[in-house]
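Participant: Sequence:
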Amino acid sequence: MACEYNADLCFIRPLDWGATPLLEEVGGLLKDLFKGSRMDLEPSEEEGLEVVVARVNGLAMWEQEDDLLDWLNAALPESWWIWLAGYQVNVMKKEDVGPCRLKGKGIRHGC
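Once you know that position 61 of the sequence shown is 61 in the working numbering, the rest is easy, because the numbers rise by one and skip nothing.
I should point out that these hints are in silico values taken from the structure, not numbers from a laboratory.
Be aware that a few hints might be false.
Claimed, not checked - Label pairs and their in silico Cβ distance ranges:
(1) Glu78 with Met39: 15 to 25 Å
(2) Lys94 with Leu15: 37 to 47 Å
(3) Lys93 with Asp16: 21 to 31 Å
(4) Trp81 with Glu24: 14 to 24 Å
(5) Ala19 with Gln64: 31 to 41 Å
(6) Gly18 with Lys94: 33 to 43 Å
(7) Asp32 with Asn6: 12 to 22 Å
To be verified - Computed cross-link-like contacts, DSBU-like style, restricted to lysine-lysine with a CA-CA straight-line distance of at most 35 Å:
(8) Lys93 with Lys31
(9) Lys94 with Lys35
(10) Lys35 with Lys93
(11) Lys31 with Lys94
Even for Gly, the Cβ is constructed at its ideal location relative to N, Cα and C.
Build out the structure end to end from the sequences listed, making use of the hints.
Facilitator: Here it is, written out as structure tokens:
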């Protein structure tokens, strides 16, 4: 059964950590992982830290939050777990989504 998911992911790292801004790195990685999903990225700087909050919304075949987190654990490069400072995920079952809109969107866990 198709489900709608919302994932809020907060990444934080020191400002002087790398040559590429955190916003660009997070955007590139998450666009690849969550193909076909709606994504909003909110960058900020606080006390010498880069902060990026990513809000991702889409359809997938995850039935519960743990399924999404297990997939993210396997899909997210290990080095990124250093920067993931917090997350909130929600998975809601959709009774009627009409024709399967997951086909052809490149969602790795879709129908």
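Participant: Indicate, hint by hint, whether the structure satisfies it.
Facilitator: Outcome of the hint check:
Remark: the range hint 15 to 25 Å for Glu78 to Met39 is upheld by a beta-carbon distance near 22 Å. Checked against the hint of 37 to 47 Å, the pair Lys94 and Leu15 passes, with Cβ atoms roughly 41 Å apart. For Lys93 and Asp16, the Cβ-Cβ distance of about 44 Å falls outside the hinted range of 21 to 31 Å, so the restraint is violated. At about 19 Å, the CB distance of Trp81 to Glu24 agrees with the hint of 14 to 24 Å.
For Ala19 paired with Gln64, a C-beta distance near 39 Å keeps the hint of 31 to 41 Å intact. Checking the proposed 33 to 43 Å range against Gly18 and Lys94 shows it holds: the Cβ atoms sit about 39 Å from each other. Range check, Asp32 to Asn6: about 19 Å between beta-carbon atoms, so the 12 to 22 Å window is met. Straight-line distance between C-alpha atoms of Lys93 and Lys31 comes to about 23 Å, which keeps the hinted pair within the 35 Å bound.
Between Lys94 and Lys35 the CA atoms are separated by roughly 20 Å; this keeps the pair inside 35 Å, and the hint holds. A distance of roughly 20 Å separates the Cα atoms of Lys35 and Lys93; the hinted pair therefore holds under the 35 Å criterion. Taking the CA atoms of Lys31 and Lys94, the gap is near 23 Å; set against the 35 Å cutoff, the hint holds.
Hint 3 alone, counting from the list given before, is not met by this structure.
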